[in-house]
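Given the coordinates of chain V, work out where chains D, Y and X should sit on it, guided by the hints.
Heads up: the sequence lines are chains V, D, Y and X, in that order. Heads up, the first sequence is in the numbering used here, so the first residue is 68 and it goes up one at a time. Heads up, the second sequence is in the numbering used here, so the first residue is 68 and it goes up one at a time. Heads up, the third sequence is in the numbering used here, so the first residue is 68 and it goes up one at a time. Heads up, the fourth sequence is in the numbering used here, so the first residue is 68 and it goes up one at a time.
No wet-lab data here; the hints were simulated from the structure. Just so you know, not all the hints are guaranteed correct.
Given that identical chains are not distinguished, each listed pair holds provided it fits within a single copy or across any two copies.
Unchecked claim - Below 27 Å or equal to it, Euclidean Cα-Cα: the simulated DSSO-like pairs (lysine-lysine) are: (1) 142 to 166; (2) 370 to 332; (3) 264 to 370; (4) 166 to 133; (5) 166 to 332; (6) 166 to 370; (7) 166 to 264; (8) 265 to 370.
4 protein chains.
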Amino acid sequence: MAGNTIGQLFRVTTFGESHGVALGCIVDGVPPGIPLTEADLQHDLDRRRPGTSRYTTQRREPDQVKILSGVFEGKTTGTSIGLLIENTDQRSQDYGEIKELYRPGHADFTYDQKYGFRDYRGGGRSSARETAMRVAAGAIAKKYLQLTHNVVIRGYLAQMGDVCCELKDWSQVEQNPFFSPDSDQLEALDALLRGLKKEGDSIGAKVSVVAENVPVGLGEPVFDRLDADLAHALMSINAVKGVEIGDGFDVVAQRGSQHRDEIRKEGFQSNHAGGILGGISSGQTLTASIALKPTSSITVPGKTITRQGEEVEMITRGRHDPCVGIRAVPIAEAMTAIVLMDHLLRHRAQCGDVTHSQK
Amino acid sequence: MAGNTIGQLFRVTTFGESHGVALGCIVDGVPPGIPLTEADLQHDLDRRRPGTSRYTTQRREPDQVKILSGVFEGKTTGTSIGLLIENTDQRSQDYGEIKELYRPGHADFTYDQKYGFRDYRGGGRSSARETAMRVAAGAIAKKYLQLTHNVVIRGYLAQMGDVCCELKDWSQVEQNPFFSPDSDQLEALDALLRGLKKEGDSIGAKVSVVAENVPVGLGEPVFDRLDADLAHALMSINAVKGVEIGDGFDVVAQRGSQHRDEIRKEGFQSNHAGGILGGISSGQTLTASIALKPTSSITVPGKTITRQGEEVEMITRGRHDPCVGIRAVPIAEAMTAIVLMDHLLRHRAQCGDVTHSQK
Amino acid sequence: MAGNTIGQLFRVTTFGESHGVALGCIVDGVPPGIPLTEADLQHDLDRRRPGTSRYTTQRREPDQVKILSGVFEGKTTGTSIGLLIENTDQRSQDYGEIKELYRPGHADFTYDQKYGFRDYRGGGRSSARETAMRVAAGAIAKKYLQLTHNVVIRGYLAQMGDVCCELKDWSQVEQNPFFSPDSDQLEALDALLRGLKKEGDSIGAKVSVVAENVPVGLGEPVFDRLDADLAHALMSINAVKGVEIGDGFDVVAQRGSQHRDEIRKEGFQSNHAGGILGGISSGQTLTASIALKPTSSITVPGKTITRQGEEVEMITRGRHDPCVGIRAVPIAEAMTAIVLMDHLLRHRAQCGDVTHSQK
Amino acid sequence: MAGNTIGQLFRVTTFGESHGVALGCIVDGVPPGIPLTEADLQHDLDRRRPGTSRYTTQRREPDQVKILSGVFEGKTTGTSIGLLIENTDQRSQDYGEIKELYRPGHADFTYDQKYGFRDYRGGGRSSARETAMRVAAGAIAKKYLQLTHNVVIRGYLAQMGDVCCELKDWSQVEQNPFFSPDSDQLEALDALLRGLKKEGDSIGAKVSVVAENVPVGLGEPVFDRLDADLAHALMSINAVKGVEIGDGFDVVAQRGSQHRDEIRKEGFQSNHAGGILGGISSGQTLTASIALKPTSSITVPGKTITRQGEEVEMITRGRHDPCVGIRAVPIAEAMTAIVLMDHLLRHRAQCGDVTHSQK
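Isolated chain V (complex conformation):
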């Protein structure tokens, strides 16, 4: 099975390269009768869009999404939804010089080895530009989950380099270009990024996603656990090298008496598990984090080889973010929404409608 599809019942299949004609996707399995407009999708696309601040790539794409099918008289029909974003600002001339070499840290080498050649324009299919369609598809899931079950899915920048951001205030997240929930760290983030721009370098990031009001019972034993499917979806985002659910790697040093979330009549007394027990949602708030590597598209010279095996030094020209993690926030939210939506439908198929039981 080729890899451009995610989800079993809520299925998203995407196509498109960084500098091709258009990006698109098909969203299948959407329940009928849900109000849906292009504006519903555009909001998150705008949050992800490049060129919105001086910290992100200056590629300017309006990223205007069109709904081509599956919606009639303002409501979903239950049939497949086709979405399209045309590429308008392609500047593929920028990329001619990397045609014959493998940028270190990029997929150039592996695509070439796998397929025998590659679309070298801006990374082709391996470019994070592809994630625009994930955001568009995820927005459908987000809307459905919100509308029918009041599920709220939000992400934020938890760390960039050594600067940690605490989840102090959700309203802050949309008010600064870093998606930081911690206004006390805005200056430190700004200083870090300005320094990196000067040096032509980049930095990694940690992004967290929080889903509230997740119905209890989502997730399928034993392989398609909710956490396993989340790990798959989040790890599939470009540049991600690690995924945590709940306390994540902190559990290595925890004791059982400390980690287990005790239960009282009024609900769970803590949430080390991050809202998932035995691979099934517990009704508690779902929490997940991802680690994003620093982009290799930097102007610090790097050693590599050409397709012919000749050793060269290179720098990456063009428009790039010093911290790709920033724009990953809406993508991580979208992937979380897609997984939850899929499992909501899977649960319904076998067990009927979800119940909002005690927490």
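Below, chains D, Y and X alone, put in the same frame as chain V:
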């Protein structure tokens, strides 16, 4: 799609509960003509088997696997392989007292909420006993990968509580009950576990898996990347709360100039990526780590509620490991093997036989 | 994806060869809380079982099915159900002489070409013995459909050679060894089969399946239409060479004014469509028919070649039915049940519970 | 799993309604490096296109397909291929009057029952207009199969009403508006259709597909047999009510001694099986036939009800073919190509490259 299957082309579907009649699985998609005997599977089953040391549960199961189909005259036929392990030491009477309550940190609550009732005997389907079949199926993948491509997949205990084990010596791993590659830490591990046993508590662990000689080109853009599928497979192991590929969460504080693995004629100069670039194997050594939570099956009393909502205190009786992470080593190897095998077949379908190109 | 699985949400995966240790299957996706015992499955297995009349193979298998998992305290748990039938009457010595040659009309040649070798004992995996597990799995679907939606699925012999059986009386079907609903043709059928036995020849058959009380709305546009999935399931039965829905091939000579089923307040005025419109169930009675070829296992000598390409004549020894179509009745019912069950769950996932609005 | 995808490894996912903005599809799993242009797809689209003769609907659509991704410098890249056809001649005003009633023989009733409402413009998603994308996707499969294995897939009209067309001359098929291979029947076909036009009625048809040079070994036991997957693909075409492989329903009256295809050194001596044995291609010519019902879009008045249950009489205005079977020829070819392509990749995954062995 119900969740008891993993893999697209190399497909493993399992069944069985902790205290049911038997565990079993069907392995589909195995290439024909591969020599295979029950002994090939038994080796890893014995490594995972409980009751082999004083640190693991004293439940004694011979875990003798039978091949019921798909092998003829010592070779795989290309048709589905049925595997069976009968449960012999079930002692379900031990579990009567937890019938009506939700053990904190376990799947009791979520299974009950999802399905309306549950097999309460030893966790039923949510028990890690299910992983025996993963190990058996993984052994087929391991053998195929080793035989045809010389791929070697090995795991080890990287950390338990605060005790870190360095990968000093692979030969050590099979010589101590902790799967530790670091003989200098055996005493510390022993002391830690003995202390926990006395206190009736448990501890988390970090397990790492290393796959050598992985062919270049495995992994499918954009969702079914090799790392995404590994994350899915590893996160689906009981108790896992985090997955890392290569440098994992360390990348958050790294710079691009530091993280990117430069390339020279003789190959990559470092391996921060853990052998995967753009979701596709690079031919470098694949490295992944998982975080395993401390088991909640402890004798330190814990607060919980009954199915009827009454508040109670409970302790877990029965036979349990103070560190479930130890026995996760062969399971993590098996899941890695299953994913690599699946992607080898997927690659072959679309791109033909893999090539062992430069590293 | 290997081919031993059918269904998306109600998933059946089988294993086992004609003369292997055992046959088995895993049924995944069964809703929880459904009463289920081995006796529920045994009834249809007994209907399919060989050796029950002088017209069917004298191989005597009790075909006793065991439920190994997924049922607790008499009810399905929602987790995967493992089923097993041990092979007891294998007599593999009968098959030694066909080891080196390709029986004409059998899968010997194609299996050998595909896999490089084959399990030659009784056809190995290509034997219709495999269908026992379909019948067992289908019995679960049948029970669920009957219990929850009062769906009744029944099959009958519609034709054997030139002898046509009309659907005169359902109660007849279980009272004669031919599954004939037409008592007026029992003598003709008997005479036909006795003649064939004498000649050592075999004959084709047409089997029809009727499903009543099918909820309206089952089936997914555009590829996974209910009729398309039925065609897949029915054509996958050994020896089937044709599938019809409703009027089937008779539509070639029909006019639109004649074929379309007109609608009045009280419902459809006819049922040329066989209960499916646009790939979706209409709530009318579902009707399908299959054509089964005459078995090639006959004692009339036939020309073939050996694996080495040498030309030989052969006859098929052993125990074989002169009309394999007879025993296909419970198999066709089972496949129909599996498809309907799968689509019931798929419908529920996306559109919620079905409505009985049949008109 | 929603139903808009076909294939496991060669995967086609479609979207689009009869009168929506556009039709599109994503073709995933195409091997890299295959030369592909829009012209490759346009040829079959033109063969299927309406408005090409006085016998087919006068809706005039250029059906110009655009390749949006997955092709770079004239060759497939191995990543997903996005295809788009814009709807230009929609005339949705024609359909206002059927908004509130259920056309008999159409999917209006079932879509409404399934989804709660429907896109009533020209049948919405249930319209055969959707098949344009199948033809486009199938053309990719056709090209690949032809290029790499010299497989030739061709269809023809075998019967319309009572007029039977023999396969006398392949070159005739593209030279008459009926896809008839039998020039002796052209007048009879013309007379039949002219009579139907006058009466405002329609007629059914039988279409056959022939695939030559199919490699031996394609097809997966036991459910995903080549014939079963063909039956699924062909039955999923609008208006199809029956599928036959090889001799099809004629086998009911055949004897085993007559049906089995004997083998000699030079190959099979006959082809009753239609090129498939045990669900696996034998290397013989593959033959399949389908029955297409007469369209219900006729001007003979018919009885039906409105959505509110009121009884009415209706006739279908608009542009419709008296025999929809005619245009099914390229669609049936496309579906056959998709299935063969999928199984070629599946075979390669497990068993390596196909061999053209003896026949």
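_Tell me the numbers of any earlier hints that the structure contravenes, in ascending order._
Of the numbered hints, all hold.
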